[in-house]
Amino acid sequence: MVKLGDGVIVGEDFGMRVSVLASSSSGNATYIETPGHKVLVDAGLSGKKIEKLMQSIGRNLTDVDSVFITHEHSDHVRGVGVLARRYPQISVYANAKTFAALPKSVGKIPADQLRLFDMGATLTLGDLDVESFGVSHDAAAPQFYQFHHDGKTFTILTDTGYVSDRMAGTIRDADAYVMECNHDLEMLRTGPYPWPLKQRILSDQGHLSNEDGADALMDVIGLRTKRIYLGHLSPHNNNKPLAHLTVASLLAQQGLAVDHDFHLYDTDPAIADPLFVV
1 MVKLGDGVIV GEDFGMRVSV LASSSSGNAT YIETPGHKVL VDAGLSGKKI
51 EKLMQSIGRN LTDVDSVFIT HEHSDHVRGV GVLARRYPQI SVYANAKTFA
101 ALPKSVGKIP ADQLRLFDMG ATLTLGDLDV ESFGVSHDAA APQFYQFHHD
151 GKTFTILTDT GYVSDRMAGT IRDADAYVME CNHDLEMLRT GPYPWPLKQR
201 ILSDQGHLSN EDGADALMDV IGLRTKRIYL GHLSPHNNNK PLAHLTVASL
251 LAQQGLAVDH DFHLYDTDPA IADPLFVV
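With UniProt numbering, the residue at position 1 of the sequence shown is 1, and numbering never jumps.
Keep in mind the hints are simulated off the structure, nothing from the lab. Be aware that one or more of the hints could be misleading.
[To be verified] Result set (DSS-like, lysine-lysine): computed pairs, CA atoms no more than 30 Å apart in a straight line:
{"id": "1", "residue 1": "K198", "residue 2": "K108"}
{"id": "2", "residue 1": "K104", "residue 2": "K52"}
{"id": "3", "residue 1": "K240", "residue 2": "K226"}
Model, not experiment: these values are computed from the prediction.
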């Protein structure tokens, strides 16, 4: 059964369920399941850490059938090779340029587990449709994903320097989002990072600030939208209370009914969010 008011799982039920296992600039992984499939988006932590995070939500990697890679940066792929070698039932999906750019530290992924997934394509896995879309980031061919099941949509969008009209049109009016809020502009500008790194983060191929994330949400939130997770926070240039307050305030200023029509949730680099029903 489910507490329908907040989507928190208290027992088995039907539908699409999601847990943001970890989200930050130090490591990212999200778990999604339907009655027919159990998948991960990214595996940017060690295999051991991902196993523990899965156990913390009552799930096991032996049941995962697919991993969808967004891009080759280590905070998204650190554990992909280990998981593929340890769990031979897992298929690893990415586009060709991303596969070619994977760092050597990932190690060998068995060839029979590799699956090409072109940018802009939609893959149907039984009861789960996975739609890929390109983003603007300093990687070979970065793409993110939205997941469709039984009329519900869950969308992940991080690691982009801006949200184009094309991106916004693709992801508009999803039921739930993970939206990047990587940095607070003032913390980044006055912080310890060297200037070239600050320029990279602030560029059109960098990351969304708290304000950028709020602006993107203003453009895509629809009547269906009920849950928004603020993701990929920098441990050096942001913090959860600041990101939450900034986004909530900016959305409220535009007349959006935060904590009434939809709710904002924080994510953590080391603690999995509870499974919720989309």
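Item to complete: State the violated hints by number, sorted upward, taking the hints as numbered earlier in the document.
Response: 1
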